[in-house]
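Student: Chain by chain, the residues run as shown.
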Amino acid sequence: MFREIMVIFRKELRSYFVSPLVYTIFAVILFIAGFLFYSGLANYLANLPVIAGGQIGERSGFMELVANAFFLRMTALFILLLPLLCMRVFAEENRTGTMELLLTSPVSKTAIIAGKFLAVCLIQSIIIAIPAGYFLLLKPYAGQAVDVPQLFTAAAGSFLFSAALISFGLLASSLTKSQLVAALIAFAFNFTFLSVQSLSYYFVGKTGEFMARLSLVDHLQPFVQGIVDTRDLLYFLSLAGLGFFFTYLSSGADRKERIFSSLGLGISAVLAVLLINTAFHKTYLRVDLSGRGLYTLSERTRDFTSGLSNNFEMAAFFRRTDENYFRIRELLECFAALTPNVKYQFIDPDRQPQEAAGFGNTSYKVLIIRNNTTGKSEKLFSITEERLINALVKLSRKEIRNIFFLSGHGERDLSARDSRGYYELQKKLSERGFQVRELFLPETGSIPENTALLVLADAQSPLLPDEWSMVKKYLLSGGRALFLIDPSPSYSFAEELREFGVFVRSSVLSDSGSSLFGGEPSVLMVNRYGNHESVNGLSVSSVFSGAREIGFYLMLPKNIRTDLLALPGKSAVSSVQDPSSETPDVSRLPLGLAGVLRCILEEKEGKPVLDYRIAVSGDADFCSNHFLDHYGNLPFTMNLFSWLADEGDYLATDLAKKGRHIQNLSTNQLRFLFYLVVITAPLLFFLTGIFVYLRRRN
Amino acid sequence: MRRGKIVILARNVDKYYSNFHALKGISFELKKGEILGFLGPNGAGKTTTMRILTTFLPLTSGEITINGYDLIKKPMEIRKLIGYLPETPPLYPEFRVTEYLDFVARIKGISRNVDKTVDRIIDRCGLGEKKHSLIAHLSKGYRQRVGLAQALIHNPGLLILDEPTSGLDPQQILEIRDFIRELGCEHSIILSTHILPEASQLCHRVLIIDHGRIIASGSQQELNALARGGERVKIRINEPLAAMNSIRSDSFSASIEDGVLVLDGEFGDEGRAGIVSTLVGAGFRIYSVESEQLNLEQVFITLLRNAKNV
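One line per chain: the protein sequences are D and G, in this order.
For the first sequence, the positions run 51 to 748 when my numbering is used.
For the second sequence, the positions run 734 to 1043 when my numbering is used.
Hints are supplied without guarantee of correctness; some may be wrong.
To be verified - Calculated pairs, EDC-like style, for lysine to aspartate or glutamate (alpha carbon to alpha carbon, straight line, at most 16 Å): (1) D:LYS608 to D:ASP661; (2) G:LYS813 to D:GLU54; (3) D:LYS159 to G:GLU810; (4) G:LYS873 to G:GLU810; (5) G:LYS764 to G:GLU919; (6) D:LYS477 to D:ASP679.
If you're looking for bench data, these hints aren't it; they were derived computationally from the structure.
Given these sequences and hints, build the entire structure.
Tutor: What follows is the structure in structure tokens.
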């Protein structure tokens, strides 16, 4: 069988490569592909400053903005091209009578079709591989921005997509003696496949979803984004198999007689394929091969979600035509796949008013998460993994977790929206389900029972002795406190914190290296993090502004563990020139911008059951309105709060997923690429075609 | 070559194309070393029969065994046994002759010494000087030779040739006939033709097929007689009945159709002149004399009838 397939395969390839047609197709395709590639790239580079700086750049990098779009656009080309590539395969044999030679030779019909199919597939894989190679050309200049595994899956997906179209192109070709008719039938097939998607927009709910899942592009999307999903594999393979089977039924002599007798077989094949695909819809394997794991939930999200005990329902109010539809569906599916306790559905409020009313919502672009056990629900407007997991955390929390910000000593204002204020922080914490309030001790007289965390945010004057003893008592009985201490004139808490083993320096750090990033020397870029669970996995720098140094005394009791979280850049300079001149001598003390201390008070079977935690930061600005959204500040801050309040679940978004961009590509390099991909490559194929043509003619 | 062993045994073969009854119970056999001709007008069912024998078309009912293999159960075995040249040779015009034959050799199951096999068949079919030409550039005669080379390349025991000489010029026809005669020494052959002399020169036996039926079959001797050709002479004459009685003879048959005296037999110019002068001499008035060559079936039927009469 294999030998027979190879004989047919080689003959088909020879047929292709001795005719000028295939070279012309190559030249045209490469010209268009080259142009798409170049214009996409040039457009991207021209807008790079805007893209990388703005909101779009947060999650979308070079791959999302250029490569994905490129591969999706190429499919439109394939839909037009593949009928031309397939049209002669059987039609010409039918016309010249060579089909009679093949079918009276000792080779099976299966081998004939397989050989031909593989030959077209090889041609098509060249057509896919060359443009994919263009992206690899960028690798030396783009580094991490070019995601090779993702390129590979995108190419593989395009190939599977094409294989499905090829098998139907061959079917079209086998139905007729005329190449033109074959091409027209193949176009008709392709447009039918395409129209399934448009048609699905006319149906709502499950029917629409089902139809949308029948469409080709729906299954190509994941591949292009670096996701290999068995369902998409199965879809393309079964489509290709179906085309193959129909070609088997229709090829050979006696076609017209067999059309009716094979009708039953054909219909049962379609039904069988539908059944298999439906059966494996819920049982599947999904691997995210994209380098950044953009479509993989973080470990913490997965742990938390799979441990959910309540029943959650998510209703996404998006049209299927929405630009975010696919991304949101991917995301919701990731959650739903983790546990049977989370279900999701898409609702079009205009067309499914009853379902929409069930969630009490009539507007678009909203996601509602409802805890069916408690009846509480949350409304999300921007749908990301982070928002979703926060909403789930919040909805599944039984008791209210309080974070108190101490007030009365000139602390930062939770409701202030100026650059120094903490309004944004307070909002983010509320989104996470914390109750965030100010606490004026002289008024309450004590620290409330259910305090999850006490924050001392940039006090300008010392606490009253009574107040401090309350804080101390609270801490020693298993409390949690966060000290945000700005340089002078803010109060340093140096005396108070020394009792706990924390050292707060009075000096101010400055970093001349900051000017490289356009910042003032007082702005400190933190790109070195300590080894602590709250900062592990953070790979994006944070920004501190005008900070003190803090550290921990050595030789602390064994039940105390200290960790520095944020370390200043190597070029940072302290305002104190000689550390040994200070009292105490801190020349041997490791210093940083922020650190945490954990003291285990009680243990049971080796596991801590009671501890107190203190976090100290030499800067109170990193979580202010102005800086909270900068770079890695948000995850750093949220993780810190979570760790302190012992949530056990940290901020989901690993900002390593931030979009990666091409850093430097000179105008000359871009021009070189233009000549290479738009001019040289297509011309090369065109000239080869002419050469082969002339040489065969002599 | 020893003859006698039965190569093909076909019994009651029926073929329907949708509603069209193309073959109506055809039965025949082919012995080893025999050249069997299918004779008949276009659309008679010759090609259909051949396509069924080569497994290209399925049969509707009936039974065929080739070399003891059942056609329906063992199509692959049968394909290996058969070399088939369809009416238009199945060629890839964009290939060179060597490339084409290389492909055919491989598809016919030859995997060793393919180059040698191709060279041998090129020599045998006299394609040496054209072997590097593109098939598209070959003349009709050469294409037919490539077609034959294609059918012969795996040295099959049975050759099936569909109208091997159609569309060729007289010189080429003679060449191909000689070649087929030569092949007859080593292969059993079925060929189809609508040219009577060709059948008589080449075939040991002929089946005449018309409207999906074998209407007659004949040996080489019968064909030789047939090949001399039958003639029908129509004489418009004042008293046809009397005239018919006056010239009655064993060498031809006479009848009256629509008041015209019709004579079937072998006459030639002299024979016709003799009959005319006999009639004129007997005092009949002849208004016109027409002579026409009989078509195949009529001739064959006539011949058979004559044979029965004798």
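Student: Against each hint, give a clear statement of whether it holds in the structure.
Tutor: Hints, verified against the model:
Simply put, LYS608 (chain D) and ASP661 (chain D) have alpha-carbon atoms about 13 Å apart, close enough for the 16 Å limit, and the pair holds. For a cut-off of 16 Å, the pair hint linking LYS813 (chain G) to GLU54 (chain D) stands: about 14 Å separates their Cα positions. With a C-alpha separation of about 15 Å, the suggested pair LYS159 (chain D) and GLU810 (chain G) falls inside the 16 Å cut-off, and the hint holds. A distance of roughly 32 Å separates the Cα atoms of LYS873 (chain G) and GLU810 (chain G); the hinted pair therefore is violated under the 16 Å criterion.
Annotation: proposed proximity of LYS764 (chain G) to GLU919 (chain G) holds, straight-line Cα distance about 13 Å (limit 16 Å). Among the hinted pairs, LYS477 (chain D) with ASP679 (chain D) is consistent with the structure: their alpha-carbon atoms are about 12 Å apart, no more than 16 Å.
Violated hints amount to a single one, hint 4; each of the other numbered hints is respected by the structure.
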